[in-house]
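Starting from the known structure of chain S, arrange chains D and B on it as the hints suggest.
For the record, the sequence lines run as chains S, D and B. Going by the working numbering, the first residue of the first sequence is number 657, and it counts up by one from there. Going by the working numbering, the first residue of the second sequence is number 97, and it counts up by one from there. Going by the working numbering, the first residue of the third sequence is number -12, and it counts up by one from there.
In case anyone wonders, no lab produced these hints; they're calculated from the structure. Just so you know, even glycine gets a beta-carbon here, dropped at the ideal spot from N, CA and C. There may be inaccurate statements among the hints.
Within a straight-line C-alpha distance of at most 25 Å, the following computed SDA-like cross-link-like pairs (lysine to any residue) qualify [said to hold, decoys possible]:
| hint | chain 1 | residue 1 | chain 2 | residue 2 |
| --- | --- | --- | --- | --- |
| 1 | D | K239 | B | Y100 |
| 2 | D | K280 | B | D60 |
| 3 | B | K184 | B | L203 |
| 4 | D | K332 | S | E907 |
| 5 | S | K663 | B | Y100 |
| 6 | S | K712 | D | Q418 |
| 7 | D | K339 | D | K390 |
If you want the footprint, here are the derived chain S segments under chain D, 3+ residues with CB under 8 Å [unchecked claim]:
| hint | segment |
| --- | --- |
| 8 | 786 to 796 |
| 9 | 873 to 882 |
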Amino acid sequence: MNPASIKFRIVKSKLLQVIIIVFAFAITLPLIFIIYYIFKEGVSRINWTFLTHIPKPVGETGGGIVNALLGSILIVLVASVIAIPFGILCGIYLSENRSGRLSYWSRLTVDVLQGVPSIVIGIVVYFWLVKPLGTFSALSGSVALAIMMLPILIRSTEETLNLIPPTLKEAGLALGVPYHKVILRVIVPCGTSGILSGAILSVARIAGETAPLLFTAFGNPYLSTNILKPMHSLPLLIYNYATSPYDEWHELAWGAALILLFTVLLLNIITKITTRRWNVQL
Amino acid sequence: MIQITKNLRNHLLTFSALGLFGAIFSQASAQDEKTLLGAGSTFINPLFSKMFAEYNTKTGIQVNYQSIGSGGGILQLTNKTVDFGASDAPLNDEQTTKIGAPVLHIPMASGAVVLTYNLPGVTASLKLTPDVIADIFLGKITKWDDKRISSLNAGVTVPSFPILIVHRSDGSGTTNIFTNYLAKVSPEWGTKVGSGTAVNWPTGLGGKGSEGVSGLVKQTPGAVGYVELIYALQNKMLFAQVKNLKGKYIVPSLASVSAASNIKLPDDAKVFFTNSDAADGYPISGFTWVIIYKEQNYGGRSAKKAQNLLQLLWWNIHDGQQYATPLNYSPLSKGALGVAEKILRSATYGGKPILK
Amino acid sequence: MEAVQDKIETVPARKIKASSRQVRMESVFRQTLVIIALLVVILVFGIMLTLIVESVPSFRALGIKYLWGRTWDPVNNLYGAYPFLLGTLLTSFLALIISIPFSFAVAVYLGEYNTKGWFSTSLRNIVDLIAAVPSVIYGFWGLLVLVPIVRNFEIKMGILPYGIGIFTASLVLAIMIIPYAAALGREMIRLVPSSLKEGAYSLGATRWEVIRSVILPYTKSGLFAGILLSLGRALGETMAVTMVIGNTSMLPHSIFAPGNTMASVIANEFTEADHTVYLSALIELGLVLFLVTVIINMVGKRIIKRFTNE
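So here's chain S without its partners, still in its complex pose:
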């Protein structure tokens, strides 16, 4: 054995270790950079006017983003109300029925749904809701977002419930508790934190989505709570203002981006804290 070659191999190994570590930590740079930049540009913009006023006409200074803020909250809320019961129930079905034809197809289509680009979902909901109803609406935007929430909800519910020992369910059934009560009153509450974190994650996933809202919620310069009519949202605002030439609009967009980024990151961090207990692969 040539001692020089061993040394060479060891050096090479150490060298590559350094390179890998450098590369691995290099990817934290863009994220830190982005967060820093948005914080720097956006924090100065956030004040009471910003949060409570609607935008001024084109070219005038002042104004705020309250319509987009409220719109985002409403659209996400309605989407959650639609998607969460659906997703959880489907997840229950899949965890109760590991095999079987419907199970197989259901799982397959959930996988497919997870990969569908958000813009395609926007197109489809346009044809399903906007065109027949004859109007753009926050509701159609919520439906599009709800469709996107489903795979995460279903997947996380199924995996959370799979982790619960079957003996719990069997004990309940043996005691004569009806099936639906066993599921709804025993099993599901047991998996609450896993299911809850799946729900929070799905909300975080769609809170920043723009593409599905382009052809559904459409946007609205006024404050509105009517879900059957167009509504504005933070991502739409950022998209429109970012591509405009007005410096004033750029500033509004930075502020909006800060709020959006902060909210999404916060939701993700909350999810991480809650899943630690479950070790669920979301």
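Chains D and B only, in chain S's frame:
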């Protein structure tokens, strides 16, 4: 005992949920009549944005206008997802057939399509002739210090930057006005590219809306794009003087647009006045029209809604015109106003005219 | 004896009624579950069906030649998807190439060098947060921060200083897709049985040699699946790409030129496609996008499933 209160609780929850939904929906329908939805031209967006904000303060009616491009406005009107469309290009034959029912074109104001550019070191307004403009956009003139440009601008040192064209990526009435002009002044453009709301540009970058184009030009050295005058003014960008048919170099402005737009309108108001032969007229200007269905009783629209719409449009061509001049749009001339009024009066609901 | 039998036989009528109601509730519940699972299946097939149905006018007018047509001319109603297919493939593959070294490094570091400890957990969390940032924010940041940097670079290199273009879009995409291959890669690498690694160490291999000759071959298909998942994500990404790619329907002549992807052209032109064939051509793009991303995702998932079941 526990059973009773649990039942009661469930019932209370259901009723309050229903009540909440009911409240939202009923407020929705009352709100509905006081909201009007419009979409289309980015060309007129700054003016509409101001007009509708003022109208809202005056009457409480909310007009939600989305500037998605003239093509978009016409499409959404065809799909009946908006109350009115706004376009700088009147409906072409295919669109007229597709929309099925008769529509009214109501002129609102006219504006100038200016050639805005970003040349580091240049603070003057460049002079350009029609053939030079056409050849720039055809990709035949590729550098700013090309002889054909510098020969027109003796006193200005033009840096040797490559020319970056910025055009519209969406269906645009501004594009329509501009390409209409180009087709008139350059036979090569007419055959090679043609005119329309979206054409097959030989070269260049695409921006969404006049906002996108001005945004790109503002940030890209060496870029040139075509936008409505107010976008260049509001963003303190330079724009070119164009030689008109009479041989004069015209600065795009309120005055020069008004000079060009002072023409006799046909009864349906569908007309282009690019390459105008007015002595002081700016050659690349055009109207923006609001387009509505002639018969307003469709898709379950209420008479009140139709009336709100017509009153809004009536206000637009009368009191609303005062907001045009400060934003450098040319208000309707007396003759144009007369034609517009007649067109508005012909709108009907269930066969009966809406405006008295 | 008789007392017990009495107790078994006499069941009060109230309890019978309650239990039959319970049985009904149970079956209602079960049926509800089945219906909902069915609805999910119907939903996805509905999406596919809508896309196909709405693409029919374009298919009938332009045929299969649409896919390699090079002209996108709404004035003359001539459509060809080739520029967008090219744009999509260019940006996605370029993004993949840029991101793979980084994803690989993270996967190896977290899976092999440093699997536990708060240091590695923070890195893992940061990588997950990268995936969580909304794409419109990436687009916004890319437009206002990255584009000027690329523009200065282009000026120095003597290229047309658009700033915007395929290259910039690929950069932004690369950042966005790193987490997918990285997270999956880490899982795969952690699954390598320690017996294999220890065997290699006992034969005198260095750390790197263990990685290269034991871990990598073992996880080859898993890593490949991770790359596929990243690719699937890149293909469908819309907002960030739309904001920095330049939006032109010409064939890009270099990676620094502006272009368009299938997703971004849909986003830009959908609300104003005024001819039937125009709209239908855009939807056909959506259909192609749908099929391609679905297939890639499915293949990736199959590989993972097979790998974790071995």
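Hints, verified against the model:
no., hint, verdict
1, D:K239 to B:Y100, "violated (55 Å)"
2, D:K280 to B:D60, "holds (20 Å)"
3, B:K184 to B:L203, "holds (11 Å)"
4, D:K332 to S:E907, "holds (17 Å)"
5, S:K663 to B:Y100, "holds (20 Å)"
6, S:K712 to D:Q418, "holds (18 Å)"
7, D:K339 to D:K390, "violated (40 Å)"
8, 786 to 796, "holds (count 5)"
9, 873 to 882, "holds (count 8)"
Taken one by one, the earlier hints fail for this structure at numbers 1, 7, listed in ascending order.
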